[in-house]
Amino acid sequence: MATATAAHPDAHAHEDPQSFVSKYIFSYDHKVIGVQYLITSLFMMLIGGALAMAIRTQLAWPNSGVLKADSYLAAISMHGTIMIFFVLTPALIGGFGNFLIPLKIGARDMAFPFINMLSYWTYVVSIIPLLASFFVPGGPLSGGWTAYPPLSALRGAAPGSGLGQDLWLLSIAIFLISSLFGSLNYLTTILQMRVRGMTFWRLPLTVWSLFIASVLALLSFPVVTGGALLLLLDRIAGTSFYVPAGLFLGGQLVDHKGGNPLLYQHLFWFMGHPEVYIVILPPMGMVSDTLANFARKPIFGYKAMVVSMLAIGVLSFLVWGHHMYVTGMHPMLGTAFAAMTLAIAIPSAVKTFNWMATLWRGKIYFSTSMLFSIGFISLFTAGGLTGIFLGNAALDIALHNTYFVIGHFHLVMGAAALFGIFTGVYYWFPKMFGRMMHEGMGRVHFWLSLIGLYGTFFPMYILGIGGMHRRIFSFEAFGYITRMHDINIVITISAFMIFIGGLVFAYNLIWSLTHGPNSADNPWRATTLEWSTPTPPPHGNWVGEVPAVHRGAYEYSVPGAKDDYIPQWVTPQKAGVVTEH
Amino acid sequence: MTTQTHGHGRPPGTDAGHAHGGGYAGYATTWFYLLAITLVEVAIVEAKAWFGLDLPAFMRIGSLIALTVLKAGLIMAYFMHLKFERRSLVLILLVPIVLLVLLYVMILPDAHTFRAVNPGMKEGAGPSHGTPTHAPAPAATPRSGH
Amino acid sequence: MAEAVSSVEAGTETSREWRGGVSPFGLSWGKLMMWIFLLSDAFTFGGLLTAYAIARSSVANWPPQLEIFGIGLVTTMTFILICSSATMAVAVQAAKASDHRRVERFLIYTIVGGIIFLGFQAYEWSHFIHEGATLSTNPWGVPAFSASFFVVTGFHGSHVTSGVIYLGYVLLRVRQERMAMEAWRNPLRDRNGRRIDVGARVKLLSKPQAPESTVETVNVRNDQVVALVPGKATNDAETFPASAIKVVEEAPEPPMPVDHFTRSERVENVGLYWHFVDLVWVFVFTLMYLI
Ligand code: HEM
Ligand SMILES: [Cu+2]
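Residue numbers (this note's numbering), protein chains in the order written: chain A, 1 to 581; chain B, 582 to 727; chain C, 728 to 1018.
Isolated chain A, as found in the complex (with noise of 0.2 angstroms):
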């Protein structure tokens, strides 16, 4: 059984598939499976940027009647779950995960491919109440993406606390059982599936980041089971585990007593820190691959950037609080997790120093897929340096809930994880379908997204520290706000162009499906297995033997070597120098 490695034990899911509905639909296949994942997740991208056009359509002009107060909590509350439960996760962790792993630890397919395959759909199966609740009486859920009770719990407290919040349980209960299903398929595959001579020490930094976000989500996610749990029950069964006593709701007095509303921000955010990890970790490891390939040379300490981001992976446990400061939690916690926030700013300053290493004085090529890596270590410093500020408990009570903190996350996560994601497809996109995308539109979609990107996020720093607060519908009945009214307009202005950019890249997968020139095995010259499969790789990845790996994931530029990088499946022999990884 120990050979089983190379002769997959789940027999039935090696045979080729024959109809359409098992090679395309239902299909086992690590490789489809991504695709879909990529697919359904852009889909749901469309919708979360076109509610974010309405929104900043909204607070650029308050009087064009696009949203009304209540569709516009409703709007966000959408915009920010669709993004980072329905985009960022799935693309980056089902998505590149599932194409990536397996083709680049050299394994025919994932561990459980049925599991793998119900994944997917039960992602698919999440979406539908999602989407839903935009039809139902009340509309979607409306207190934010956090759900914090008592909005959440009771069910005449907003308009969108009714069926529109059960709607959204439901679907984030399946999505959470989904991740669940990926995660185990991800960490039994990279423990036991490597091809021979792949140690951990010689993984690709892709598979490492996809590994530790898989952890994350593996023991982050049940904790919010939980708590999902308790507010079900809390609003269908009249418990009281956040309800606190004496609540008026309609001017009655509600019957709940005894519950900890802190109890659920404590349970939410020890998922909710991880999460953003787990979104961000994925592009800095896809990131670390492309910037070594189009700088043409290792990258720059591979075992820091690993350790690092083990770090991360562990802080990233310990700091949930700095969520919290203004909740009212214990002082004492404020301090602790103060404290905890700003040591794993230590990590991600070794990851940026790390990168910006690797490009010194290489022989950079920029390419789209470059590009965007570029602009990802732009973005994510630009955002990550405001955390720091917030990460302060003394700070964050002044900045808490005003469009600082908007404009942290955003370019933090939402705007590197985009990036990194469109570094990932425009790299990788040779392999998917074999065939290059289009350079010139691709340049022009990085241009109006890093334009575009910053216009929107960095003024609302401004905005910010001006006093402007998030979650607000029209900023007219406050006049101190009004005054910042110019900058609101350049921020939707830019966002704007944010979305043309898009509609641009979405122009440029058609157009490259079916006009792009044929593309080579190893398009990128990179050193990694994924590029030693025939293009597009067929089922079961390599024809005839899986090719044994001899040395790490990085060798560009090797000195006397006669090529300028040496794939990692190359033998010693062959490649005419011997290097020490």
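For the record, the hints were derived by calculation from the structure and aren't laboratory data. Quantities reported herein were computed from a predicted structural model and do not represent experimental measurements. Warning: the hint list may mix true and false statements.
[Stated by the list, open to error] For each label pair, taking beta carbons as the anchor points, the in silico distance ranges come out as:
1. A:Pro536 - C:Ala937: 56 to 64 angstroms
2. C:Ile892 - A:Pro137: 36 to 44 angstroms
3. B:Tyr614 - A:Pro538: 32 to 40 angstroms
4. A:Pro536 - B:Leu672: 53 to 61 angstroms
5. C:Tyr896 - A:Leu342: 49 to 57 angstroms
6. A:Glu476 - B:Leu672: 53 to 61 angstroms
[What the hints assert, rightly or not] Computed far set for chain C versus chain B, every beta-carbon distance over 12 angstroms:
7. Asn788
8. Glu976
9. Phe1012
[What the hints assert, rightly or not] A few chain C residues that don't get close to chain B, going by computed Cβ distances all over 12 angstroms:
10. Ala787
11. Ala816
12. Leu899
13. Val953
14. Thr1013
15. Ile1018
From the three backbone atoms N, C-alpha and C, an ideal C-beta is built for every residue, glycine too.
With chain A fixed as given, assemble chains B and C with the ligands onto it according to the hints.
Relative to the frame of chain A, chains B and C with the ligands by itself:
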């Protein structure tokens, strides 16, 4: 090659396992200890009623938690075979549990704050809504040590 | 049992080269996945138990649960669950030793233990509900008391229930496989001691004139052989006892129906799950009832 999943290195298909009385006896010992510890736990709780021993709360709770962890350890080590698995697996499985302890420890202060400020719950509990079929007699006289 | 580590595994530990195909933990995929799943599930319980602990610490007057819960009943429940965990461990050990009948017997004991536990729990619940405790009301004081009781024990009970179903499924599979194995070891034989397998060319003793026919299916347990009766116009199949058949040409011996490893693996996995359910109860027992 076949042994990797086997834990006990026996080639498949051999029915030579009947010599494994030792294994079964080991389970019986574990089982016995688990039951015994459970009894000890109950005895600690009922110390006052059974032996007239009024244990201070910290001793009662401390020993109960220690015994629980001991029981959990026995189950994991022997029933779940962790004792016979690789050290790395044991570490990977046990270390994350620390996070759960931290989760509890870091929320606890908030529970105490809440208790101090929550007016509804401070004075005598009384029944909530609905008429209880039972007189709330025990609640009226909370026992000391709770 | 350290000697259990095979030479292959030892090799990966000493040499730095990863050889692929051997788990870094010496576990099969399925078992590793079960462990990872249990770790995740432990966090679900961790979240719920934390919520319960916080709900309890958030009020000054938690009802004196010892006087409300019948400690005798709960201790009995705990005993039963521990016993079923022990029988489960025996079943796993028996599976490793390929003692199939013992596996089945002890799986049944385990299932019975689980069902008795659930019965006690149902009794306890109905008793409380009868006393006036529901998710939102509590005759003894703060409503969080009965709410967290129902949620935590209910969530654990749902795990016991799914565990019983899972055990039942494994029991069925083990049984099926044992019978297939027995049939393979002791096939039906004709008078001359030749094997009667599917595909064998046989003569039917009752119809000595008829030409040879082919065995379609064999049911070893009921001593039934279905063979095509060639003479008939419809080419019908008919059922015969083995004694009514004479093998002319044996079919190639069929391969072993299951390999030992899969079966023991399946029992080990359900065992891990079941012990985990017991493990959680150990904590629920202390945190909910005793402290
Ligand atoms: C690396 C990726 C990061 C991501 C994806 C991320 C994401 C987020 C998100 C989603 C919020 C939610 C704000 C809200 O809804 O109120 C947030 C807030 C916060 N972040 Fe980050 N963050 C990251 C890095 C950092 C770093 C490096 C620090 C500190 C050194 C930091 C400190 C904070 C603090 C203190 C808050 C709370 C702000 C408030 O609620 O007022 N973050 N972040
Ligand atoms: Cu955070």
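The hints, checked one at a time:
1. A beta carbon spacing of about 58 angstroms between Pro536 of chain A and Ala937 of chain C agrees with the range 56 to 64 angstroms that was offered as a hint.
2. Between Ile892 of chain C and Pro137 of chain A the C-beta distance comes to about 38 angstroms, which sits within the given range of 36 to 44 angstroms.
3. For the pair Tyr614 of chain B and Pro538 of chain A, the supplied restraint of 32 to 40 angstroms is violated, since their beta-carbon distance comes to about 56 angstroms.
4. For Pro536 of chain A and Leu672 of chain B, the Cβ-Cβ distance of about 40 angstroms falls outside the hinted range of 53 to 61 angstroms, so the restraint is violated.
5. For Tyr896 of chain C and Leu342 of chain A, the hinted distance range of 49 to 57 angstroms is satisfied, since their beta carbons lie about 51 angstroms from each other.
6. Hint check: Glu476 of chain A to Leu672 of chain B, Cβ distance near 59 angstroms, so the stated range 53 to 61 angstroms holds.
7. Distance to chain B contradicts Asn788 of chain C as a non-interface residue, since its nearest Cβ pair spans about 5 angstroms, not more than 12 angstroms.
8. Under the 12 angstroms C-beta cut-off, the non-interface status given to Glu976 of chain C relative to chain B holds; the minimum distance is some 28 angstroms.
9. At roughly 8 angstroms, the least C-beta separation between Phe1012 of chain C and chain B is not larger than 12 angstroms, which violates its mark as non-interface.
10. Listed as a non-interface residue, Ala787 of chain C fails to keep its Cβ farther than 12 angstroms from every Cβ of chain B; the least gap is roughly 6 angstroms.
11. Look at Ala816 of chain C: its CB is around 5 angstroms from the nearest CB on chain B, not clear of 12 angstroms, so calling it non-interface is violated.
12. The Cβ of Leu899 of chain C sits about 22 angstroms from the closest Cβ of chain B, beyond the 12 angstroms cut-off, so the non-interface label holds.
13. Every CB of chain B lies more than 12 angstroms from the CB of Val953 of chain C, the least distance being 29 angstroms, so the non-interface label holds.
14. Distance check for Thr1013 of chain C against chain B: the nearest CB is about 4 angstroms away, which does not clear 12 angstroms, and the non-interface claim fails.
15. At roughly 6 angstroms, the least C-beta separation between Ile1018 of chain C and chain B is not larger than 12 angstroms, which violates its mark as non-interface.
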